[in-house]
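Guided by the hints, dock chain B onto chain A, whose structure is given.
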Amino acid sequence: MTVTLFVPCFMDALFPQAGISMVHLLERLGHQVVCPEAIACCGQPPFNSGYWAEARSVAGPVLAALKDAEAVVIGSGSCGAMVKIFYPDLFAGTPQAALAAQVAARTWEFSDFLVTKLGVTELGARFPARVTFHDGCHGLRELGIKAAPRALLGKVRGLELIEMKEAETCCGFGGTFATKFPAISTAMGEGKCHSVLETGAEYLVSNDLSCLMHIHGLLSRQGRPLKILHLAEVLVQQ
Amino acid sequence: MNANARQFQEAAQRVTGDLRQRQFIRTALGNYETARDLRKASFQSWESARQTAATTKWQAINHLDTHLQTLAANLEARGTKVHWAGNGAQAREIILGILRDKKARSIIKSKAMTSEEIHLNGALEQAGFEVMESDLGEFIVQLRHETPYHIVFPSMHLTRGQIRELFEKELGATSSDNPEELTMVARRVMRQKYITADIGFTGGNFAIAETGMISITENEGNSRLTAALPKTMVTLIGIEKVLPKLADLALFLPMLATAGAGQTLTCYNTMYGGPRQPGEADGPEEWHVVLLDNRRTELLADAGQRDALHCIRCGACLNVCPIFRNVGGHTYGTTYSGPIGSVITPHLRGLQDWKHLSNASSLCGACTEACPVKIDLHHHLLQNRRNAAVEKPAYWERLGYRIFGIIANDPFFWSLTKKLGRLGQPLHRLVKGATLDPAGAWTRTRDLPPLARVSFKEWWRNRS
Numbered sequence: 012m013t014v015t016l017f018v019p020c021f022m023d024a025l026f027p028q029a030g031i032s033m034v035h036l037l038e039r040l041g042h043q044v045v046c047p048e049a050i051a052c053c054g055q056p057p058f059n060s061g062y063w064a065e066a067r068s069v070a071g072p073v074l075a076a077l078k079d080a081e082a083v084v085i086g087s088g089s090c091g092a093m094v095k096i097f098y099p100d101l102f103a104g105t106p107q108a109a110l111a112a113q114v115a116a117r118t119w120e121f122s123d124f125l126v127t128k129l130g131v132t133e134l135g136a137r138f139p140a141r142v143t144f145h146d147g148c149h150g151l152r153e154l155g156i157k158a159a160p161r162a163l164l165g166k167v168r169g170l171e172l173i174e175m176k177e178a179e180t181c182c183g184f185g186g187t188f189a190t191k192f193p194a195i196s197t198a199m200g201e202g203k204c205h206s207v208l209e210t211g212a213e214y215l216v217s218n219d220l221s222c223l224m225h226i227h228g229l230l231s232r233q234g235r236p237l238k239i240l241h242l243a244e245v246l247v248q249q
Numbered sequence: 080m081n082a083n084a085r086q087f088q089e090a091a092q093r094v095t096g097d098l099r100q101r102q103f104i105r106t107a108l109g110n111y112e113t114a115r116d117l118r119k120a121s122f123q124s125w126e127s128a129r130q131t132a133a134t135t136k137w138q139a140i141n142h143l144d145t146h147l148q149t150l151a152a153n154l155e156a157r158g159t160k161v162h163w164a165g166n167g168a169q170a171r172e173i174i175l176g177i178l179r180d181k182k183a184r185s186i187i188k189s190k191a192m193t194s195e196e197i198h199l200n201g202a203l204e205q206a207g208f209e210v211m212e213s214d215l216g217e218f219i220v221q222l223r224h225e226t227p228y229h230i231v232f233p234s235m236h237l238t239r240g241q242i243r244e245l246f247e248k249e250l251g252a253t254s255s256d257n258p259e260e261l262t263m264v265a266r267r268v269m270r271q272k273y274i275t276a277d278i279g280f281t282g283g284n285f286a287i288a289e290t291g292m293i294s295i296t297e298n299e300g301n302s303r304l305t306a307a308l309p310k311t312m313v314t315l316i317g318i319e320k321v322l323p324k325l326a327d328l329a330l331f332l333p334m335l336a337t338a339g340a341g342q343t344l345t346c347y348n349t350m351y352g353g354p355r356q357p358g359e360a361d362g363p364e365e366w367h368v369v370l371l372d373n374r375r376t377e378l379l380a381d382a383g384q385r386d387a388l389h390c391i392r393c394g395a396c397l398n399v400c401p402i403f404r405n406v407g408g409h410t411y412g413t414t415y416s417g418p419i420g421s422v423i424t425p426h427l428r429g430l431q432d433w434k435h436l437s438n439a440s441s442l443c444g445a446c447t448e449a450c451p452v453k454i455d456l457h458h459h460l461l462q463n464r465r466n467a468a469v470e471k472p473a474y475w476e477r478l479g480y481r482i483f484g485i486i487a488n489d490p491f492f493w494s495l496t497k498k499l500g501r502l503g504q505p506l507h508r509l510v511k512g513a514t515l516d517p518a519g520a521w522t523r524t525r526d527l528p529p530l531a532r533v534s535f536k537e538w539w540r541n542r543s
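Protein sequence lines, in the order shown, are assigned to chains A and B.
The numbering used here puts the first residue of the first sequence at 12, with every later residue one more than the last.
The numbering used here puts the first residue of the second sequence at 80, with every later residue one more than the last.
Chain A extracted, bound-state conformation:
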C-alpha cells in the first residue's frame, strides 16, 4: 500500500524524530511512504478560533494534496480528528464537500492505522523501560482511540506500562487556549503532571506530541524534566 504521511507542523519543526520513526515503521511493514512537500498544517488553529474561512484557506491545499492518496496517516490524534471529523463540517456546502468526505474516510491516526486498518500489533519492538501513556483528548473522544496504542505498547518487549490516575483528564494544552487562558491551562497541566509523576514512569508516551509539549514544558520549567516520546519512537526501537 502507498501510505501518505501527513506530518503536522509542530512535529515537522519541533519533533522530527517522531515522523522519521513513522516512516521507518511503515517501510519495515512493506509499505511505500510518500510525504507531500506542500502541506504542513491541518488548519486547526483558525478553525478552533472560529475563523472558518481562514481555516479553509489552510485546509484547502491539504485536501488538494491528499486528493489521490490511498491512505493518509497522521501522527497526531488532534490533527487526525481535524481531518477526519471536522473537515466535512468545515467544507460542508462548498465545492470541496465531497472531496473532504472522501479524504476524511481515508485518513487514519497512526496507532489506529496500524491496529485497525493493517491489523498489526507486533512490530518486533524492544524498549526496556517503565512507561506511562497519555491519551490526547481529540484522539480519545473525537476518534475513540483508547485501545490501539495500548495494544501496540503491550507487544513491546521489556516495556512496563503504568497507567496514571485520571488518565482521561485533559492536560490543558488545547491549542490557542493555552495562550489565551494561560492560568487555567497551567493549572490543568499541573494536575496532569502530578498524575504522570505519581506513576514513577521514566517515559511519558503519547500519540499526540502537542500534549507532550505542554506537559514537558511545565515539568521542565519546574526543574523536573521527564523524557517524552511519541508512540512511534517507542515502537521503532529494536
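For the record, the hints were derived by calculation from the structure and aren't laboratory data.
Please note: incorrect hints may appear among the correct ones.
Stated by the list, open to error - Listing some non-contacts, in silico: residues in chain A with all C-beta distances to chain B over 10 Å:
#1 HIS42
#2 ALA108
#3 GLN113
#4 LYS128
#5 GLU133
#6 ARG137
#7 ARG141
#8 ALA158
#9 ILE173
#10 GLU174
#11 MET175
#12 GLY211
What the hints assert, rightly or not - Below, computed lysine-lysine pairings styled on DSS-like, alpha-carbon distance capped at 30 Å:
#13 B:LYS160 / B:LYS181
#14 B:LYS511 / A:LYS238
#15 A:LYS157 / B:LYS453
#16 A:LYS78 / A:LYS128
#17 A:LYS166 / A:LYS238
#18 A:LYS238 / B:LYS497
#19 B:LYS498 / A:LYS238
#20 A:LYS176 / A:LYS191
#21 A:LYS78 / B:LYS497
#22 B:LYS453 / A:LYS191
#23 A:LYS191 / A:LYS157
#24 B:LYS119 / B:LYS324
#25 A:LYS238 / B:LYS536
#26 B:LYS453 / B:LYS324
#27 A:LYS166 / A:LYS176
#28 A:LYS176 / B:LYS119
#29 B:LYS536 / A:LYS128
#30 A:LYS157 / A:LYS128
#31 A:LYS157 / B:LYS119
#32 B:LYS182 / B:LYS310
#33 A:LYS191 / B:LYS497
#34 A:LYS191 / B:LYS511
#35 B:LYS497 / B:LYS511
#36 A:LYS157 / A:LYS78
#37 B:LYS181 / B:LYS324
#38 A:LYS176 / A:LYS157
#39 A:LYS176 / B:LYS453
#40 A:LYS238 / A:LYS157
Note that CB positions come from ideal geometry on N, CA and C, so glycine has one too.
Structure of chain B alone, referenced to chain A:
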C-alpha cells in the same frame, strides 16, 4: 476585552492560584465521579438510557409548542393558574403581582436556578419582601450574599468550619463542625419560616405535559414543606423542562440522580398536580405556575444548537470539566456555569458579551461524554466561537490567521519561518518569561521545546 471577559480572567487567575480550593474541589468532584460510576453500572445499559433520554428530549423540544399547550391546559383543569413570562422582568412582575395580591410579607423558597436567572431574590427584597432559602446550600450562600457556586451543590466551595463561623456570625448559633449539628442549626431557623411564610416558592425539575404536573426532586424535604405549608404556592420553571409523558420520569428521575449526584434516586421525588382540591385536607389553596421563556425560544429557533435546551440541569458537565475543577463556579460570573453555562449564556445574555466563555475551553469533550441527554456541548462551544467570529471578527486575530494561512502550507515560506525561528531562538532566551517576551503567555509557566536542527521535511528531502 470586555468587562465580563476581564472579570473571568482575573477570577481565574485568583482561583487557580488558590491551591487549597483547587485541591478541595478536585477531591469533592473526584468522589462524585466514583459514586456516579457505581450508579451508572446499575443501569442495564447507560448508553442506551442516554440515547432514549436524548430522543425523548428531542421529541419534547421539537414539539415544544404543542407540549406547552397541553401542559397549561392540564394544569388549569385542576385550578392551577398558569402565567407566561417572556423575559426575566415579566416573570418578576408576575411574581410580585401575586405577592401584592395576596398581601404577602414573607416567602420561603426552595432551590430554583430559574429564580437566580431572573435575579428574583434581589427584586423581592427591594420591593420590601422577606425571602428565605430553604435548601441548606442555598441558605448558606444566601447568608453569605453570594450566588450559588454550582447549579446542584450551591455551597460546595465552603468547608464545615467556614459554615460554622457563618452561622455563628449571622445566626448567633454556636455549634461544632459536625454536619448534623450544623444542619440542626439551619433547621431551627427554617422551621419557623415554613409556618409563618405567606408564600412557598419552588422551581421544578420536569413539567409533565400529559398529566399537567410539575416534578420536583430534592434531598432534604425542604421543597415539600415549602410547597405544603404556606397558603399560596408559586412555581417558576423554564419552558424547556417539559417532558411529554408521565412515564418518561421512569428514566429521567434515576438519570438525573445518577448523573447529577451519583445517587440511585434523589431522596424525595414529588409530583405536584394542582392546589388543594375540594375534599382534600392539605396543600396550598392557590398554585401559580410561571413558565419562563427568557430567550429560550431564540435558542429553539437555532436548529443547529437547540439541543442545548435538552439540558436537565444535572450538573454532570460541570463536575467532569477540568476548567470548572480549576476555576470553580463563581469565576464564570453567570447563573449557569461550567460547559452548559458557556454554551447557553451567549444565547441567553448576548454572544459578544459572553463569547469568552466559549473560548475558555480546551475542547476536551469530557462534558459531552458525561451529558446524560447527549448534548453536543464541546462542539457547541466551537459553534459559538464561529458565530462570534462571523458576527464581529477580531481583526488582529483574523489578520494573524490570514498570514498563517499564507505561510503554513507554502513550502518556501514555511521553510523560511523555521530558519528564521532557529536564528531567533537564541535571542528568545534573553527575554524568556519576561514582560517583553512575545511568547510570554506560554513561557511564564512553561518551557518551549527547541526547534529541531533538521526538520522532518529537510530530512525527507535529503533522503529522497
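Here is what the structure says about each hint:
no. : hint                : in the structure
1   : HIS42               : holds, 16 Å
2   : ALA108              : holds, 17 Å
3   : GLN113              : holds, 19 Å
4   : LYS128              : holds, 22 Å
5   : GLU133              : holds, 26 Å
6   : ARG137              : holds, 24 Å
7   : ARG141              : holds, 23 Å
8   : ALA158              : holds, 16 Å
9   : ILE173              : holds, 20 Å
10  : GLU174              : holds, 16 Å
11  : MET175              : holds, 14 Å
12  : GLY211              : holds, 21 Å
13  : B:LYS160 / B:LYS181 : holds, 14 Å
14  : B:LYS511 / A:LYS238 : holds, 22 Å
15  : A:LYS157 / B:LYS453 : holds, 21 Å
16  : A:LYS78 / A:LYS128  : holds, 19 Å
17  : A:LYS166 / A:LYS238 : holds, 21 Å
18  : A:LYS238 / B:LYS497 : holds, 24 Å
19  : B:LYS498 / A:LYS238 : holds, 26 Å
20  : A:LYS176 / A:LYS191 : holds, 27 Å
21  : A:LYS78 / B:LYS497  : holds, 27 Å
22  : B:LYS453 / A:LYS191 : holds, 28 Å
23  : A:LYS191 / A:LYS157 : holds, 29 Å
24  : B:LYS119 / B:LYS324 : holds, 24 Å
25  : A:LYS238 / B:LYS536 : holds, 24 Å
26  : B:LYS453 / B:LYS324 : holds, 20 Å
27  : A:LYS166 / A:LYS176 : holds, 23 Å
28  : A:LYS176 / B:LYS119 : holds, 20 Å
29  : B:LYS536 / A:LYS128 : holds, 26 Å
30  : A:LYS157 / A:LYS128 : holds, 15 Å
31  : A:LYS157 / B:LYS119 : holds, 21 Å
32  : B:LYS182 / B:LYS310 : holds, 12 Å
33  : A:LYS191 / B:LYS497 : holds, 23 Å
34  : A:LYS191 / B:LYS511 : holds, 18 Å
35  : B:LYS497 / B:LYS511 : holds, 19 Å
36  : A:LYS157 / A:LYS78  : holds, 28 Å
37  : B:LYS181 / B:LYS324 : violated, 33 Å
38  : A:LYS176 / A:LYS157 : holds, 15 Å
39  : A:LYS176 / B:LYS453 : holds, 26 Å
40  : A:LYS238 / A:LYS157 : holds, 22 Å
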